[in-house]
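Novice: Full structure from sequences and hints, please.
For the protein sequence lines, the chains are A, B, C and D, in the order given.
Just so you know, this note's numbering puts 126 at position 126 of the first sequence, and the rest follows in order with no gaps.
Each number in this note's numbering corresponds to the 1-based position in the second sequence with 1000 added.
Each number in this note's numbering corresponds to the 1-based position in the third sequence with 2000 added.
Each number in this note's numbering corresponds to the 1-based position in the fourth sequence with 3000 added.
For the record, the hints were derived by calculation from the structure and aren't laboratory data.
Be aware that a few hints might be false.
Unchecked claim - Straight-line distance between alpha carbons at most 20 Å, and here's what the computed SDA-like set of lysine to any residue pairs gives:
id : chain 1 : residue 1 : chain 2 : residue 2
1  : B       : K1139     : C       : V2165
2  : C       : K2117     : B       : E1085
3  : C       : K2156     : C       : L2207
4  : A       : K183      : C       : Q2017
5  : D       : K3124     : A       : D57
6  : B       : K1221     : B       : D1037
7  : B       : K1139     : A       : H148
8  : D       : K3137     : A       : N137
9  : C       : K2121     : B       : E1126
10 : D       : K3117     : A       : S90
11 : A       : K139      : D       : A3166
12 : B       : K1006     : B       : A1195
13 : C       : K2124     : B       : D1057
14 : D       : K3121     : A       : L88
15 : C       : K2124     : B       : Q1128
16 : C       : K2061     : A       : N201
17 : C       : K2061     : B       : W1157
18 : B       : K1183     : B       : A1116
19 : B       : K1183     : A       : G138
20 : D       : K3124     : A       : G91
21 : D       : K3061     : A       : D230
22 : A       : K82       : D       : K3121
23 : A       : K139      : D       : E3182
24 : B       : K1183     : D       : D3098
25 : B       : K1131     : A       : F136
26 : D       : K3121     : A       : Q87
27 : C       : K2117     : B       : L1088
28 : C       : K2005     : C       : I2026
29 : B       : K1139     : A       : L143
30 : C       : K2137     : C       : D2098
31 : D       : K3117     : A       : E126
32 : A       : K72       : D       : I3123
33 : A       : K139      : D       : V3165
34 : A       : K131      : B       : A1116
35 : B       : K1221     : C       : V2062
36 : C       : K2137     : B       : G1124
37 : A       : K139      : B       : A1116
38 : D       : K3117     : A       : G91
Next come the chains, spelled out residue by residue.
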Amino acid sequence: MNKVFKNAKEALAGLKDGMTVMFGGFGLCGIPENSIDAIHEGGFSNFICISNNAGIDDFGLGKLLRKHQIKKMIASYVGENKEFERQLLSGDLEVLLIPQGTLAERIRAAGAGIPAFFVPAGYGTEVQVDKEVREFNGKMHILEHALHSDFAFVKAWKGDTAGNLIYRHTADNFNAMMATAGKITVAEVEELVPAGSLDPNQIHTPGIYVQRIFQGINYQKQIEFTTTSD
Amino acid sequence: MNKVFKNAKEALAGLKDGMTVMFGGFGLCGIPENSIDAIHEGGFSNFICISNNAGIDDFGLGKLLRKHQIKKMIASYVGENKEFERQLLSGDLEVLLIPQGTLAERIRAAGAGIPAFFVPAGYGTEVQVDKEVREFNGKMHILEHALHSDFAFVKAWKGDTAGNLIYRHTADNFNAMMATAGKITVAEVEELVPAGSLDPNQIHTPGIYVQRIFQGINYQKQIEFTTTSD
Amino acid sequence: MALDKNGIAKRIAAELQDGYYVNLGIGIPTLVANFIPEGMQLTLHSENGLLGIGPFPTQDKVDADLINAGKQTVTYIEGASFFNSAESFAMIRGGHIDLTVLGAFEVSEQGDIASWKIPGKLIKGMGGAMDLVAAAKNIIVAMQHTDRDGNSKLLKKCTLPLTGVACVKRIVTDLAFIQVTERGFELRERAPGVSVEEIIQATEGKLIIEGDIPEMVL
Amino acid sequence: MALDKNGIAKRIAAELQDGYYVNLGIGIPTLVANFIPEGMQLTLHSENGLLGIGPFPTQDKVDADLINAGKQTVTYIEGASFFNSAESFAMIRGGHIDLTVLGAFEVSEQGDIASWKIPGKLIKGMGGAMDLVAAAKNIIVAMQHTDRDGNSKLLKKCTLPLTGVACVKRIVTDLAFIQVTERGFELRERAPGVSVEEIIQATEGKLIIEGDIPEMVL
Chain A
1 MNKVFKNAKE ALAGLKDGMT VMFGGFGLCG IPENSIDAIH EGGFSNFICI SNNAGIDDFG
61 LGKLLRKHQI KKMIASYVGE NKEFERQLLS GDLEVLLIPQ GTLAERIRAA GAGIPAFFVP
121 AGYGTEVQVD KEVREFNGKM HILEHALHSD FAFVKAWKGD TAGNLIYRHT ADNFNAMMAT
181 AGKITVAEVE ELVPAGSLDP NQIHTPGIYV QRIFQGINYQ KQIEFTTTSD
Chain B
1001 MNKVFKNAKE ALAGLKDGMT VMFGGFGLCG IPENSIDAIH EGGFSNFICI SNNAGIDDFG
1061 LGKLLRKHQI KKMIASYVGE NKEFERQLLS GDLEVLLIPQ GTLAERIRAA GAGIPAFFVP
1121 AGYGTEVQVD KEVREFNGKM HILEHALHSD FAFVKAWKGD TAGNLIYRHT ADNFNAMMAT
1181 AGKITVAEVE ELVPAGSLDP NQIHTPGIYV QRIFQGINYQ KQIEFTTTSD
Chain C
2001 MALDKNGIAK RIAAELQDGY YVNLGIGIPT LVANFIPEGM QLTLHSENGL LGIGPFPTQD
2061 KVDADLINAG KQTVTYIEGA SFFNSAESFA MIRGGHIDLT VLGAFEVSEQ GDIASWKIPG
2121 KLIKGMGGAM DLVAAAKNII VAMQHTDRDG NSKLLKKCTL PLTGVACVKR IVTDLAFIQV
2181 TERGFELRER APGVSVEEII QATEGKLIIE GDIPEMVL
Chain D
3001 MALDKNGIAK RIAAELQDGY YVNLGIGIPT LVANFIPEGM QLTLHSENGL LGIGPFPTQD
3061 KVDADLINAG KQTVTYIEGA SFFNSAESFA MIRGGHIDLT VLGAFEVSEQ GDIASWKIPG
3121 KLIKGMGGAM DLVAAAKNII VAMQHTDRDG NSKLLKKCTL PLTGVACVKR IVTDLAFIQV
3181 TERGFELRER APGVSVEEII QATEGKLIIE GDIPEMVL
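Specialist: As structure tokens, then:
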């Protein structure tokens, strides 16, 4: 059973227009650059896209937005992308905004076989609309449901041929949960090593969650706001 | 703000009879030996005790059982302990048995601020009695609630003065979740190092969850079933 | 002749597929690991937090921090990973485990299973069994066809407290390979030398016998 | 004289306690980090997965894999840890963060907060703000007392879409330090040189003034 694919393009096998797809990353940090590029070049369309952010105008998911490959965006914050705002105001793009912690937990829940759970976030706001409400310990909560995907695209620092992944610094973010929530999870890594090379105590995403893995290339790792102390 | 305590006895400050207390470990693997010993010597009683197992007759939680320090045991499997069975049959001990995965998730939920969630485990069994039932995706689920504790006692391999913990091999088990679910979490470690000594990418339990930490001593690490290939 | 424990394990091993993630329960299920077909890549899951169980250790490699769900000392293979119990059961509950093999006291023709409690006698707890049967995609029960007194363990309805309902897909006993269908126990294979008649005698629940029932190939 | 942004941040810093885990929002809240009292040990949480934010990096230490929730490059301190977003919000939702400081468009006398959306104008999303306000034990809002047109931002009822209800405990503005109580906005301190009368004028919601209102000590 070989999980190792040659590149992003091959790892997309079976991806179809209109699917629900997840992309790891927070801002531009830890995004699956190679997979996004391959999808961009592949000319797919009508995705329901789940990602915390929507990239910037010309990088990350912004590339798919510009090519109108995304029909609906499920995210928590899309403020860094003007093209997004244009398409939304023009009605070309649907959007569902979800509180970031609820988004993270709904994705984890999908991977963990928990169909629904209660959280306090969003109670009394428009997030609560049409949702079940219940009081626990004197505090109001709303019922939230698991968020699954057909494909989950994640990016890790190191990975092995068994699909185990290790993230670096804040580039983990949504990747670890999304890896568990895709029917097919495609992981791209900066360094692909043979099974047995990584310390089994230090795996962030166990290989069971990863169906496909490939050695990524040409990472740009753009920075949105370079802030320095000097 | 110093989290470092001299030993188990000092780290018990504030522990009172009748409290709900959690103990990490699976079987005898990864149990907080020093804390258990200090509680044993401290002469506390009437605990509601949450732990996956109940130790063996003369080690682990078995020591607290023999001294009748536990009023009620919440666990998933208690088969390795005959004293347990005796007290249970004689009515000296209350027991609540919970499916292991549900137990783990209920503890995680407590730490994560999720008061309740749906799982399939236990549907149609005595575990379901008096619980809310709901169908999701054609499958029946039951509503389970978060499990909190007054004190959580956990054991790690390495820890630092900021409370960060790293577990080793299968000695993690329930420790990581319980660390998040105690009003006061007491961590004992085989090796206590200064903050900054551990790789921040490799922390299993971030220090925010740990209120007290101490350098453990004299670990016995008993093995229940030594099985070898030679 | 009825199969011994190793025979049952061997038959179950024939259900394995390359790349499977498998959880093997205590007892006969554990033996399945001894019959993994040559060249097949299989990853064994231990619910206490290990993916990639290896063989038992040599004496000098025994490690108290490295046990399986049966609390036995084990080793780990290349590509293994360790994790906490919440993560371990997320794998189970989330349907990431391809196959679960476990023992049982009783299985009903609806696929209900009783495996954890004998009222008044046995109060060890369900451990991870309820999570496994409620969530695994694919459950095989490994057990004797009858108990020590000769009573069938394949019943119309379970008499003991349940572990899970309508979840068992296949049963391998010392006498037969059975598929649990909506219509009842479908007899698929006989143990070598065991007659259909013997299986009928040993089965209380509704047994479906269609066409010739082949002998197992072990 | 009304406080500037640094003045507001400085007053909020006086609320910090040794050992606190703190989440600082974007804008004025971020400035609070510059006024942490000498010798106080504080751990700053960034919801994208970092506990223990350090200062901005020197140019040669800029790392694309190391950003804060505002997508700015940062560093980490000794004793820091990295984790995924589910874990990060488990810390928030589970009440492990001692203090959250964030900005707002409006706060109501019930402690409701509106901070994320201006219909027809601003559709960036709520990010982690709803999780933070719903779950933090202790929320301080840092904002101007009035908007650019002089309209009060401390209202009887919020007019903009809410971020959370009945959650704000304290407000520090350019004019005042206010405790949100069941009875309304309780004026606790005046900014240096600001009169009670000025604060009354700038507050639309119910303002409670009891006894002498001291000037802030900065």
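Novice: Which earlier hints turn out false for this structure, listed by number in ascending order?
Specialist: No numbers; nothing is violated.
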